[in-house]
Amino acid sequence: MPGDMTGIGPEITAKLFSSRVLHDVARVTVVGDARVLELGCRDAGVELERTVYSSVDEIDWNRDSIPIVDLGNIDPTTLPRGVVSAQSGRLTGETLQYMVGLALAGKLDGVCFAPLNKAALHRGGWNYSDEHQMFREWCGHTGFFGEMNVIREFATFRVTSHVSLRSALDLITTDRIMAAIELADRTLRSMGTPDPRIAVAALNPHAGENGLFGDEEQQVIRPALEKMASQGVHCIGPVPADTVFVRAKKGEFDAVVTMYHDQGQIATKLLGFDRGVTVTAGLATVFATPAHGTAFDIVGQGKADPGALEQAVRLAARLAASKKSSPTSAGAR
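The numbering of the sequence shown is the working numbering, which starts it at 136 and goes up by one.
In short, the hints are calculated from the structure, not lab data.
From a predicted model like this one, the values you see are computed outputs, not experimental measurements.
Among the clues, some could well be false.
Stated by the list, open to error - Listed next, with one range per pair, are the computed distances between beta-carbon atoms:
| no. | residue 1 | residue 2 | range |
| --- | --- | --- | --- |
| 1 | 324 | 190 | 33 to 41 angstroms |
| 2 | 212 | 182 | 14 to 22 angstroms |
| 3 | 275 | 328 | 27 to 35 angstroms |
| 4 | 186 | 358 | 50 to 58 angstroms |
| 5 | 156 | 428 | 17 to 25 angstroms |
| 6 | 365 | 304 | 24 to 32 angstroms |
| 7 | 419 | 385 | 30 to 38 angstroms |
Every residue gets a Cβ at the ideal spot worked out from N, C-alpha and C, and that includes glycine.
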């Protein structure tokens, strides 16, 4: 899905398909409006051989052209670019909802999307704190789930996500930490890591300095670690947050469970801004997207890098393949 058309999504989608690097990954189709992809081609300065279909069922996968399921729902000439647009946010949400419906019906194995704009989605009537909560509701999910960020060196998972820091402190509980560790272990195994090494970040400076700077490490985080370790999960911590990413970058850990949003995002965006991938982990459907945003400042300039979108498609394909091979797979095509 080319993302919110007011941003760089159409351009990086066109660039990615023109590079023809996805043939070894999966059978990939564009879902959205053919006019948006055409806009992306103009931005990118590329030509794409493409075939338009009205549904996924009609796609002829033997053809060499790029398949597009054209919803005909977004006319780029009527929308501004490089700014937050409520109308674009509404239409972007409708396109995503259509794709989720296809996935739940077994017609897609995963959903990969170019960057969205949270403010536009919200102004367009999708009243969720982020797209992950939106996906959770559409999938009818009731258990714990979370956002995973993946760079070459390691992945991060969160105990809390898109809430204020003040609210996050009240949400950090032993049960939520255990759920985040379990999700990290399960997701990494599905990505091909047989015995994931998971570091759990401390909350307070110097991991609380034995209670001098707070006792959450002793009273909240450590009990979660002990319970998960007793279940055979390889988890370590609480590790001071100012050193945990240095150790992860050196290869000591496969993942870091962080207590709140920016604790992990600063590290992953510094190390892999143009290659980072965000996954909505724990839902029935695979969701993946570049970790960067809509980049309004370079829209239409042909400067956007499709590298993170490529990595998102590749990771979505790996996760979807693992889900299909699982005994509990619903058997999507």
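Hint check:
Between residue 324 and residue 190 the CB atoms are about 34 angstroms apart, so this pair conforms to the stated range of 33 to 41 angstroms. Range check, residue 212 to residue 182: Cβ separation about 20 angstroms, and the 14 to 22 angstroms hint holds. A hinted range of 27 to 35 angstroms for the beta carbons of residue 275 and residue 328 is consistent with their spacing of about 28 angstroms. At roughly 56 angstroms, the beta carbons of residue 186 and residue 358 sit within the given window of 50 to 58 angstroms.
Between residue 156 and residue 428 the beta carbons are some 23 angstroms apart, a value that agrees with the proposed interval 17 to 25 angstroms. The hinted window of 24 to 32 angstroms between residue 365 and residue 304 holds, with their beta carbons roughly 27 angstroms apart. Taking 30 to 38 angstroms as the suggested C-beta distance range, the pair residue 419 and residue 385 conforms, at roughly 35 angstroms.
In summary, this structure violates none of the numbered hints.
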